[in-house]
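Here are the chains, one letter per residue:
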Amino acid sequence: MITVRIDYVAMLREQAGRASESRNTNAATAEAVYRETQAAYTFTIPVAALRVAINDRMANWTDPVRDGDRLVFLPPSSGG
Amino acid sequence: MLTVTDQPIDTTALRRECALHTAGALVIFEGVVRDFHQAQKVLRLEYEANPALAAAEYELIVQEASRMYPLLWTRCVHRVGSASPGETAVWLGVATAHRAQAFEACRFIIDQIKERLPVWKKEYYENGESGWINAP
Chain A
1 MITVRIDYVA MLREQAGRAS ESRNTNAATA EAVYRETQAA YTFTIPVAAL RVAINDRMAN
61 WTDPVRDGDR LVFLPPSSGG
Chain B
1 MLTVTDQPID TTALRRECAL HTAGALVIFE GVVRDFHQAQ KVLRLEYEAN PALAAAEYEL
61 IVQEASRMYP LLWTRCVHRV GSASPGETAV WLGVATAHRA QAFEACRFII DQIKERLPVW
121 KKEYYENGES GWINAP
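Protein sequence lines correspond, in order, to chains A and B. Residue numbering for the first sequence follows my numbering, beginning at 1 and increasing consecutively. Residue numbering for the second sequence follows my numbering, beginning at 1 and increasing consecutively.
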């Protein structure tokens, strides 16, 4: 079991009802963490439409997560 | 360099910043808050960004642009927080030696910003509804 910090932004923050959390998880990859939170908060955005950042760097969904990592799930951009 | 600000973008100050550079061509793009979305009247927007990731992604975009165009200088400011129709949401300045390169590089960079920069926009409509843009 590891503990990761997750920041929720934009639509995900609204659906989670929180901006961040420390989460204990057995998930081994970033994608597994997202799927766990998707089930917990019934996120409507499919993983294929999101990007993920780990510790302030863009990452791959298959990247491993380690104790103390900070994850942000990034919905499709709509700036400009 | 990219910065995000929750204050109105000072386009006059940015233009003065451009003047410090002596490139032959400067293209400035301003994205302005629209007052409609499809048939809906937009009262205001809320922009949200992850500043650290946005700054890093902008640098990647500029690196990619530099491989295609002889960039001399770029500067970008993106608004966050509440913005009203008519306000500048994003300001991008691109300088090169000649105009064709400046136009093309500016177009490339702003297109990539729209597609990749971790910034999100929520529109608030006259009928009381609201919605995140590009949310699947």
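Hints in this document: simulated from the structure, not taken from any laboratory. Any given hint could turn out to be false.
Simulated restraints, written as ranges between beta carbons of each label pair [as the list claims (entries may be wrong)]:
hint, chain 1, residue 1, chain 2, residue 2, range
1, B, G81, A, Y41, 23 to 29 Å
2, B, G81, A, T3, 42 to 48 Å
3, A, G17, B, Y124, 49 to 55 Å
4, B, A13, A, Q15, 46 to 52 Å
5, A, R70, B, E126, 26 to 32 Å
6, B, F108, A, G68, 19 to 25 Å
7, A, I2, B, G128, 25 to 31 Å
8, B, S82, A, Y41, 46 to 52 Å
9, A, E21, B, S82, 22 to 28 Å
10, B, D10, A, P64, 23 to 29 Å
11, B, P51, A, P64, 38 to 44 Å
12, B, S82, A, P46, 38 to 44 Å
Glycine included, every Cβ here is placed at the ideal spot set by N, Cα and C.
**Message:** Flag every earlier hint the structure violates by its number, smallest first.
**Reply:** As far as the earlier hints go, 2, 3, 4, 5, 6, 7, 8, 10, 11 and 12 are violated by this structure, in ascending order.
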